[in-house]
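Chains as they are written, first to last, in my numbering: chain A, 14 to 146; chain B, 143 to 931.
By construction, these hints were calculated from the structure, which means they are not laboratory data. On a predicted model such as this, the values are computed, not experimentally measured, just so you know. Please note that a few of the clues may not be correct.
[To be verified] Okay, derived cross-link-like pairs now, SDA-like style, lysine to any residue, Cα gap no bigger than 25 Å in a straight line:
#1 B:Lys-482 with A:Arg-112
#2 A:Lys-21 with B:Ser-765
#3 B:Lys-889 with B:Leu-499
#4 B:Lys-698 with A:Arg-112
#5 A:Lys-121 with A:Gly-110
#6 B:Lys-525 with A:Lys-19
#7 B:Lys-889 with B:Arg-341
#8 A:Lys-72 with B:Arg-483
#9 B:Lys-919 with B:Ala-530
#10 A:Lys-72 with B:Ile-484
#11 B:Lys-889 with B:Gly-732
#12 B:Lys-793 with B:Ala-821
#13 A:Lys-21 with B:Arg-483
#14 B:Lys-698 with A:Arg-20
#15 A:Lys-19 with B:Trp-561
#16 B:Lys-482 with A:Ala-27
#17 A:Lys-21 with B:Leu-499
#18 B:Lys-698 with A:Lys-121
#19 A:Lys-87 with B:Trp-561
[To be verified] Facing chain B, a subset of chain A residues (Cβ under 7 Å, in silico):
#20 Ser-42
#21 Ala-49
#22 Ser-53
#23 Asp-65
#24 Gly-81
#25 Thr-99
#26 Thr-103
#27 Asp-106
Ideal placement from N, C-alpha and C gives every residue a C-beta, glycine not left out.
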Amino acid sequence: MNPDRKRKIRLVVALSVAVLLSVALIYTSFTASTQAKEPSELLAAAPGTSYDMTGKVVKGSIAHQGSGIAFLVKDRDGSGRALPVTYTGTIPDPFRGGREIVLTGEMKSGTFVGEPETLVTKCPSKFTTKSDG
Amino acid sequence: MASLGSVLLALAFLAAVVAAALALLGRDGERRWVDRSRHTVYAFCALLTLCVAIIEIAFGSNDFSFNIVQQHSSRETPPFYKMAAMWSSQEGSLLLWAWVLSLASSAALYATRNRLREIVPWATAVMMGVAAFFTGLMLFAPDVNPFAATPSPVPSDGVGLNPLLQHPSMMIHPPMLYSGYVTTTIPFAFAIGALITRRLDAEWIRSIRRFALISWAFLGLGLLLGARWSYTELGWGGYWAWDPVENAALMPWLVGTAFLHSIMVQEKRGMLKVWNACLVVATFSLALLGTFLVRSGVLQSIHAFGDNTVGPYILGLIAVVLIGSTALIVSRLDDLRSPKRIDSLISREAVFLVNNLLLVGLTAVIFWGTFFPLISELFTGEKASLAAPWFNRYTTPLAILLVLFTGIGPLLAWRRVSWASARRIFLVPLAIAAVATVALLLFTDAAHKPWALALFSFASFALAGLGQEFWQGAAARKRLSGGSMAGALIALVSRNRRRYGGYIVHVGVAVLLIGIAASSSFQTNRDVTLRPGQSTVVDGRTVTYVRPTVAVDSEKFTFGALVRVEEDGKQTALLHPSRRFFRPTGVPSGTISSYFAGEATSEVGLNAGFANDFWIAPQPDISSVQRQVRAADKGFAACVRAGPGTPPECKAIATMMRAAAANPQLEATALAQISALQAATADRIARGYVKAGAPVTFKVIINPLVTWIWIGGLIALCGALIAIWPSRVRRRGSPVRTEADALKEAKYREIRDAELDHASGKLSDEDYAILDAELRKEAVRILDEVKSG
């Protein structure tokens with residue numbers, strides 16, 4: 014086989030592999046992702062679907078409940094009605110009232126039930142110019 | 143002082159602009175302008191150094207009239223963290239960016255002061271353009287001037303540095319990452335210079351190779367320190383979370399790795415010029431993107447960043463860089479084409495090409511996953527994010543293939559390897575890998591985790607291959623010059639720093655990947671709730687919660703737990719993990735409850751070992767403590783009001799408070815007494831916690847081979863240092879290293895390399911004869927040019 018032809022075949026093979034891989038990548042990313050919702054949207058969300066909830070913990074609402082905790086969250090800008098949340102599992106160091114959190118879970122009879130080990134609290138303070146104590 | 147700083151910063155901005163202008167005046171290589179431009183860059187560097195010094199002095203002397211100091215430090219902040227507090231702020235981190243850039247630019251221009259006469263002016267212009275951008279940002283963008291004054295009246299104390307950031311890593315992790323990001327500017331600037339002047343041979347690459355390597359090492363060290371910090375401080379027991387900010391630093395590192403490999407192909411074979419140009423632009427753009435991401439808030443991250451005033455400007459710069467560079471590369475395509483082709487698929491350059499594709503593929507996956515929330519919003523209108531399992535699904539196989547090629551690459555010679563010599567080279571590493579795989583199958587449960595098993599096999603192949611390289615190299619060296627094997631090994635590495643430094647990096651990366659695979663696949667992670675005195679068994683270890691401890695001081699409550707770990711009846715560790723509750727600093731705290739209003743941090747109990755890490759963090763149930771604290775606070779509030787319900791211990795204070803209406807001096811005394819009483823009460827409540835012996839939930843992790851990650855990282859870093867270390871400058875007559883000198887040296891190195899490859903059996907006799915003759919002919923041509931020029 015002449016080298017030019019050989020190179021062309023190699024190029025076509027490489028490109029098709031790349032295309033196949035990227036299709037897989039795109040497809041799985043849309044099926045494997047969880048939708049992110051804010052508390053006010055979740056209040057009306059259907060039960061049984063998993064969501065990433067992003068919101069702000071209402072100050073003074075955190076209570077211990079059994080082996081876990083229960084608290085309220087509001088939208089990140091602090092508006093809307095508060096959504097009750099329950100969570101069992103590791104609580105990250107920065108977690109407390111007034112902080113933004115991300116939690117995966119689903120709605121069960123009006124309460125957002127978080128999956129264990131999915132609570133993410135944002136690291137505070139870096140590059141903020143306001144104190145949030 | 144602050145106004146002096148502002149003036150210096152403005153002068154620095156001017157210096158950057160002037161340096162760029164002078165450089166452009168000297169674009170035809172006229173020495174007068176080029177020298178002046180370089181000296182202005184030095185001045186720019188000196189000015190920024192002064193700016194940094196002023197800020198650091200302000201932190202050191204608690205000068206709260208500086209807004210940056212007031213917001214990020216306090217009188218109680220330990221001196222060590224005062225020095226590091228500069229880069230915990232937006233404006234301070236921008237200053238750090240500009241300062242590191244000024245240092246790197248000065249170093250790069252000093253190193254090339256007698257070389258690359260056509261390229262340097264353009265490179266200077268690019269570097270100073272970027273420098274002027276960041277300096278200008280501090281001057282003209284809102285709220286990011288590091289010399290901004292605190293609105294009057296100036297408070298007597300600062301807000302303080304967040305306790306989460308008070309970790310030794312804070313001193314070194316951010317500056318390392320920044321240095322890594324910033325130094326990507328240098329290769330980019332020289333690449334642009336080379337493209338504009340069409341000087342696209344290997345000369346510019348030789349000049350910036352060391353900077354690319356330095357940047358790579360800084361980024362790598364920054365990533366490693368960040369992982370270590372997360373593992374020991376953040377109380378979740380992991381070292382990597384596929385968080386956007388982590389990904390942002392990983393992407394330029396990966397592309398930088400690809401670049402470091404593919405420039406070798408350009409240097410040796412004159413190929414892949416377009417690819418290299420694209421990689422250097424991508425590395426710089428990704429570094430800017432990383433700088434942008436942490437300041438924009440466009441993506442959800444555990445690193446939250448408040449203001450995003452500078453985000454749009456940086457995005458603008460990225461757009462300019464991408465559009466400008468792409469246009470430039472396209473307009474130079476004809477000059478970038480190489481007549482040469484890859485001769486054989488079993489050659490080092492072919493393996494480098496594959497490794498490049500893998501690294502870029504890895505970056506593409508991470509990029510897609512990181513920005514998926516934006517992509518998803520664009521197409522579906524819903525923000526959706528991808529979690530760690532998605533990333534792992536794609537990055538695991540790519541990492542496994544990469545480690546395989548990490549092993550294959552060093553074994554192959556450039557150009558071509560005959561089947562016979564390939565068989566000879568691969569025999570021992572393949573045999574060792576096979577033995578290791580069988581041993582793993584027989585003695586461990588690696589069979590349950592095929593991905594991890596594959597990685598272990600490939601890594602043992604890579605390590606065996608690298609070991610063989612060192613062995614054969616040293617043996618060949620010994621044959622040539624005698625002496626002991628150890629002496630030959632040292633001489634081999636020190637005389638071929640680039641090559642063997644690189645191999646040491648490969649050893650480190652293989653060890654690091656083994657650590658990652660083992661700790662992520664065979665980890666035991668349990669939550670156990672224990673009362674004092676109770677034990678539980680986790681993965682063969684008896685974990686006993688011996689007793690609670692507690693400590694209160696003016697800034698925090700520390701709830702500790704003494705934990706004994708036993709294995710086969712023998713005590714292996716006595717750990718004292720704790721959870722600390724900090725008072726918010728900088729705001730007056732009148733209540734005991736304020737202890738629970740600030741940050742809480744975990745002090746992890748870690749018993750690190752070569753085979754296993756035992757990791758434990760407590761989550762004490764402090765609800766009863768908080769209840770008592772609230773009740774006590776109510777009592778003290780009654781003291782201050784001096785109304786009904788005053789508890790007996792502060793009757794006297796209540797009387798004093800009533801009298802204070804007439805005599806304000808009494809009020810201060812009364813408040814001081816309340817403080818003392820509060821401290822005593824906090825102490826009493828704390829002792830009560832110990833006595834009550836409430837159950838504590840512990841997170842226990844048994845993590846195999848985590849230590850290998852840190853060891854591997856350090857090995858890689860040492861390798862990088864060896865490869866970066868400059869070879870002694872040989873001063874033959876003129877102290878000036880000219881372009882021709884550099885060319886000559888590079889050719890000599892190539893001849894030596896081929897000699898070594900032949901002596902260590904990598905090149906067959908006939909291949910070596912052809913290659914050596916070719917190289918010598920080229921060397922003679924260069925020598926002639928040096929003489930005639």
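Verification of the hints:
With a C-alpha separation of about 59 Å, the suggested pairing of Lys-482 of chain B with Arg-112 of chain A is violated against the 25 Å cut-off. Between the alpha carbons of Lys-21 of chain A and Ser-765 of chain B the distance comes to roughly 70 Å, so the proposed pair goes past 25 Å and is violated. Between the alpha carbons of Lys-889 of chain B and Leu-499 of chain B the distance comes to roughly 28 Å, so the proposed pair goes past 25 Å and is violated. In summary, the hint linking Lys-698 of chain B to Arg-112 of chain A is supported, as the alpha carbons are separated by about 20 Å, within the 25 Å threshold.
Only pairs whose Cα atoms come within 25 Å are accepted, and Lys-121 of chain A paired with Gly-110 of chain A is accepted, the gap being roughly 23 Å. Among the hinted pairs, Lys-525 of chain B with Lys-19 of chain A is inconsistent with the structure: their alpha-carbon atoms are about 45 Å apart, more than 25 Å. Taking the CA atoms of Lys-889 of chain B and Arg-341 of chain B, the gap is near 19 Å; set against the 25 Å cutoff, the hint holds. Annotation: proposed proximity of Lys-72 of chain A to Arg-483 of chain B is violated, straight-line Cα distance about 66 Å (limit 25 Å).
A threshold of 25 Å between alpha carbons decides the hint, and for Lys-919 of chain B with Ala-530 of chain B the separation of about 55 Å lies outside it, so the pair is violated. For the hint linking Lys-72 of chain A to Ile-484 of chain B, the alpha-carbon distance of about 64 Å lies beyond 25 Å, and the restraint is violated. With a CA separation close to 74 Å, the supplied pair Lys-889 of chain B and Gly-732 of chain B exceeds the 25 Å bound. Restraint check: the Cα-Cα separation between Lys-793 of chain B and Ala-821 of chain B comes to about 17 Å, which is no more than 25 Å; the hinted pair holds.
For the hint linking Lys-21 of chain A to Arg-483 of chain B, the alpha-carbon distance of about 13 Å falls within 25 Å, and the restraint holds. A distance of roughly 68 Å separates the Cα atoms of Lys-698 of chain B and Arg-20 of chain A; the hinted pair therefore is violated under the 25 Å criterion. For a cut-off of 25 Å, the pair hint linking Lys-19 of chain A to Trp-561 of chain B stands: about 20 Å separates their Cα positions. A hinted pair counts as satisfied when its Cα atoms are at most 25 Å apart, and Lys-482 of chain B with Ala-27 of chain A qualifies at roughly 20 Å.
Between Lys-21 of chain A and Leu-499 of chain B the alpha-carbon distance is near 18 Å, which keeps this suggested pair within the 25 Å criterion. Our distance criterion of 25 Å between C-alpha atoms is broken by Lys-698 of chain B and Lys-121 of chain A, whose separation comes to about 38 Å. Among the hinted pairs, Lys-87 of chain A with Trp-561 of chain B is inconsistent with the structure: their alpha-carbon atoms are about 67 Å apart, more than 25 Å. Evaluation of the Ser-42 of chain A hint against chain B yields a held restraint, the C-beta minimum of about 6 Å falling below 7 Å.
A least Cβ separation of about 4 Å between Ala-49 of chain A and chain B falls short of the 7 Å threshold, and the interface hint therefore holds. The interface hint given for Ser-53 of chain A is broken, as the beta carbon of that residue sits about 14 Å from the closest beta carbon of chain B, more than 7 Å. With a least beta-carbon distance of about 6 Å to chain B, the hint placing Asp-65 of chain A at the interface is held under the 7 Å criterion. Evaluation of the Gly-81 of chain A hint against chain B yields a violated restraint, the C-beta minimum of about 10 Å exceeding 7 Å.
Evaluation of the Thr-99 of chain A hint against chain B yields a violated restraint, the C-beta minimum of about 16 Å exceeding 7 Å. Taking 7 Å as the C-beta contact cut-off toward chain B, the hint placing Thr-103 of chain A at the interface holds, the least distance being around 6 Å. Hint status for Asp-106 of chain A: holds, given a least beta-carbon distance of 5 Å to chain B, under 7 Å.
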